[in-house]
Amino acid sequence: MRTVSYLLIGIVFGITMFKSEAASWFRIYEMFKFESFHMYGIIGSALVIGIIIVQSIKRFKIKSFHGEEIKFSPKAKSFSRYMFGGIIFGLGWALAGTCPGPMFTLLGAGYLPILVVIAGSILGTFLYGLFKDKLPH
Amino acid sequence: MNWIYEPWPWYVSGPMIALIMFLLLMVGKRFGMSSNLRTMCTICGAGNKVDFFKFDWKAQRWNLIVVLGAIIGGFISAHFLSVDTAVAITPDTISDLQSLGFNSAGKAYLPIELYDLEALTDFKSLAILTISGLMVGFGTRYAGGCTSGHAISGLSELQLPSLIAVIGFFIGGLTMIHFIFPLLF
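So the sequence lines, in the order shown, correspond to chains S and G.
Plus 9 on top of the position in the first sequence (first one is 1) and you've got our numbering.
Plus 17 on top of the position in the second sequence (first one is 1) and you've got our numbering.
A portion of the hints provided could be inaccurate.
[What the hints assert, rightly or not] Cross-link-like lysine to any residue pairs, in silico, SDA-like; alpha carbons within 20 Å at most:
hint: 1; chain 1: S; residue 1: Lys80; chain 2: G; residue 2: Gln77
hint: 2; chain 1: S; residue 1: Lys141; chain 2: G; residue 2: Gly64
hint: 3; chain 1: G; residue 1: Lys46; chain 2: G; residue 2: Trp79
Derived from the structure by calculation, the hints contain no laboratory data.
Required output: the full structure, derived from the provided sequences and hints.
Dropping the structure here:
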């Protein structure tokens with residue numbers, strides 16, 4: 010039953026990414042050119058509602074569907090890893106025009122060259138793991 | 018119901034993303050897609066060489082199922098929920114892209130110059146897809162999350178690290194589009 014719920018959430022996510030055009034390389038380019046409100050509207054409205062959701066869960070101690078407490082753990086404090094990692098990610102995001110969720114949606118939509126980007130990201134993740142201890146965190 | 022075949026406007030798409038984050042919280046999970054790349058490394062045996070990948074990947078099985086769903090969702094959208102997938106970007110963006118040599122701007126979902134099957138036989142396109150993928154994978158793990166984990170989940174929780182990461186995403190993205198694109202294309 011839980012497996013089915015994850016699959017359904019994933020399907021809704023994939024459809025949303027494709028139909029919102031957030032999975033389109035062109036929309037990412039347009040966003041970084043500040044030539045359309047579309048992507049900012051998507052991220053901004055998701056964020057406003059997201060903040061309300063998280064604050065409500067905290068304030069009203071809303072339990073999960075399975076009756077467990079919903080915990081939010083603070084991310085480790087650092088500047089360099091978020092800034093440097095963020096910049097490298099941003100360079101790749103703008104060039105590939107896709108990020109780790111939509112790339113799988115594009116695979117499903119039949120754009121096979123995205124497999125090269127997916128393989129590159131898996132390898133990139135591996136390289137991070139390999140050099141993790143030598144990087145400023 | 019015809020609207021469903023049209024591209025969804027931001028005021029439908031944004032709330033849908035918030036709903037997905039909410040549903041994942043309600044089933045006891047967190048919205049974050051890039052963790053799957055680490056899990057895939059582990060499944061490929063990376064844990065034998067690097068400790069970072071030594072973890073019980075079965076605990077992340079749920080997220081791989083979300084990925085499977087995202088693939089199926091892409092298939093359903095492209096084959097059953099769309100009439101015309103050309104992305105109606107603004108005329109300014111179309112002329113910018115045409116001057117860079119992207120003639121498919123405004124006529125396709127993805128630029129055929131990079132994402133058509135024939136692009137795979139072109140060294141430059143192949144190199145761009147590979148290098149951009151490497152940067153996405155390396156950067157997202159270094160930053161501890163991607164657009165979903167930081168820009169949506171982390172910022173929704175008002176976490177400072179996520180704000181730093183998202184500022185980094187934009188510094189990188191703006192640098193790529195405004196300074197590196199003119200050199201590349």
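Hints, one by one, checked against the model:
1. With a CA separation close to 17 Å, the supplied pair S/Lys80 and G/Gln77 stays within the 20 Å bound.
2. Distance check on the hinted pair: S/Lys141 and G/Gly64 sit about 14 Å apart at the alpha-carbon level, within 20 Å; holds.
3. Taken as a hint, the G/Lys46 and G/Trp79 pair is honoured in the structure, with Cα atoms around 9 Å apart against an allowance of 20 Å.
No hint from the list above goes unmet by this structure.
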